[in-house]
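Read in order, the letters of the sequence shown correspond to residues 1 to 244 in UniProt numbering.
Note that these hints are calculated values from the structure, not bench results.
Bear in mind the structure is a predicted one, so any value in this text is a computation, not a measurement.
Hints may contain errors.
Said to hold, decoys possible - Calculated lysine to aspartate or glutamate pairs in the DMTMM-like style (CA-CA distance at most 25 Å, straight line):
id : residue 1 : residue 2
1  : Lys110    : Glu98
2  : Lys110    : Glu125
3  : Lys154    : Glu144
4  : Lys110    : Glu79
5  : Lys110    : Glu62
6  : Lys111    : Glu85
7  : Lys110    : Asp137
8  : Lys110    : Glu123
9  : Lys111    : Glu99
10 : Lys110    : Glu99
11 : Lys197    : Glu182
12 : Lys197    : Glu184
13 : Lys128    : Asp151
14 : Lys111    : Glu125
15 : Lys126    : Asp137
16 : Lys111    : Glu98
17 : Lys110    : Glu86
18 : Lys91     : Glu62
19 : Lys93     : Asp137
To be verified - Label-pair ranges, simulated between beta-carbon atoms:
id : residue 1 : residue 2 : range
20 : Asn156    : Arg187    : 44 to 50 Å
21 : Pro119    : Ser95     : 16 to 22 Å
22 : Lys111    : Gly88     : 18 to 24 Å
23 : Pro119    : Gln142    : 55 to 61 Å
Where a beta carbon is used, it is the ideal one built from N, C-alpha and C, also for glycine.
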Amino acid sequence: MVVSKNPLRWLSLRLQSRYEILIAMPSIIRTFAVLFLFLSSIAQAETLYIIDQLWVPMRSGESTAYRIIRNMSSGSSLEVLSVNEETGYTKVKNSRGEEGFIASRFMSNKKIARHLLKPVTTELEKTKQRLTAVNADNTRLQAELQQLDADNKKLNEQVSQLQQNFSGLKSATSDVVGINQENEQMRTRLVQLEKQKQSLEQQTQMLENDSTTDQWLWGALIAFFGAMVTFVISRLMGRSKQHW
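The task is simple: from the sequences and hints, build the whole structure.
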């Protein structure tokens, strides 16, 4: 905090700024507080911070001479009824329905830090919970990712094996095509040989028929010539006997 160059003026301002806070305190506490402020004022200057928890008096009139209706804690919500710029007091109504006057300098249209901190703290706690859940999900996803990597590796091995099998199948298919072509050629050749066989059988049958005919003819000729020879011999022998 900034300290005035005039020590007496600085002390006076400091006491005046704290007077309004002290008037809301009980008398015994107020006495000790005044003593503490006096001792702290004459001490060496230091940096201080105003506490968040304060009590402000709500009076029945627009000055410190009026009685205190109720001490309002910092952060209390009040309904503004009227504002007096001359006296520096604001007429308000509290949540109990009580009406009174409070020094305008103690009032603000903004919430105090304690009230502002509460939703932030709540949101921070929710964020921590969400972060914990996200971390748990991340751990689970990491495990699933590792499992997927392992499954992917197995699938790659299976794909490689299938590719090898497919290559072998293509080779076998090529061999089958060649064998089918050879079989077709052999069938064609077999048909040709079967036709040749049938032709040869027909020719053989014809030759056998011709041979049988020739044998019969030759047999007939031989018998005829045999008969002629016998006839000639018998005639010649007959003539020879007659000659004798």
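How the hints compare with the structure:
Among the hinted pairs, Lys110 with Glu98 is consistent with the structure: their alpha-carbon atoms are about 22 Å apart, no more than 25 Å. As the CA atoms of Lys110 and Glu125 are separated by approximately 24 Å, the hinted pair is consistent with the 25 Å bound. A C-alpha spacing of about 15 Å is found between Lys154 and Glu144, which places the hinted pair at or below 25 Å, so the restraint holds. Restraint check: the Cα-Cα separation between Lys110 and Glu79 comes to about 14 Å, which is no more than 25 Å; the hinted pair holds.
Between Lys110 and Glu62 the CA atoms are separated by roughly 23 Å; this keeps the pair inside 25 Å, and the hint holds. At most 25 Å may separate the alpha-carbon atoms for a hinted pair to count; Lys111 and Glu85 meet this at roughly 22 Å. About 40 Å separates the Cα atoms of Lys110 and Asp137, which puts this hinted pair outside 25 Å; it is violated. Between Lys110 and Glu123 the alpha-carbon distance is near 20 Å, which keeps this suggested pair within the 25 Å criterion.
Pair hint Lys111 plus Glu99 holds up; C-alpha atoms about 21 Å apart against a cutoff of 25 Å. The straight-line distance between the Cα atoms of Lys110 and Glu99 is roughly 21 Å, inside the 25 Å bound, and the hint therefore holds. A C-alpha spacing of about 22 Å is found between Lys197 and Glu182, which places the hinted pair at or below 25 Å, so the restraint holds. Distance check on the hinted pair: Lys197 and Glu184 sit about 20 Å apart at the alpha-carbon level, within 25 Å; holds.
Note on Lys128 and Asp151: the hinted pairing is violated, with a Cα-Cα distance of about 34 Å set against a maximum of 25 Å. Among the hinted pairs, Lys111 with Glu125 is consistent with the structure: their alpha-carbon atoms are about 21 Å apart, no more than 25 Å. Proposed proximity of Lys126 and Asp137 is supported: the alpha carbons are some 16 Å apart, at most 25 Å. Simply put, Lys111 and Glu98 have alpha-carbon atoms about 21 Å apart, close enough for the 25 Å limit, and the pair holds.
Taken as a hint, the Lys110 and Glu86 pair is honoured in the structure, with Cα atoms around 23 Å apart against an allowance of 25 Å. Proposed proximity of Lys91 and Glu62 is supported: the alpha carbons are some 8 Å apart, at most 25 Å. For the proposed pair Lys93 and Asp137, the alpha carbon gap of about 51 Å is over 25 Å, so the pair is violated. Between Asn156 and Arg187 the beta carbon distance is about 46 Å. The supplied range of 44 to 50 Å therefore holds.
In this structure the hint that Pro119 and Ser95 lie 16 to 22 Å apart at CB holds, the actual value being about 20 Å. In this structure the supplied range 18 to 24 Å holds for Lys111 paired with Gly88, their Cβ-Cβ distance being about 22 Å. Judged by the Cβ atoms, the range 55 to 61 Å given for Pro119 and Gln142 is violated: they are separated by roughly 34 Å.
Of the numbered hints stated above, those contradicted by the structure are hints 7, 13, 19 and 23, listed in ascending order.
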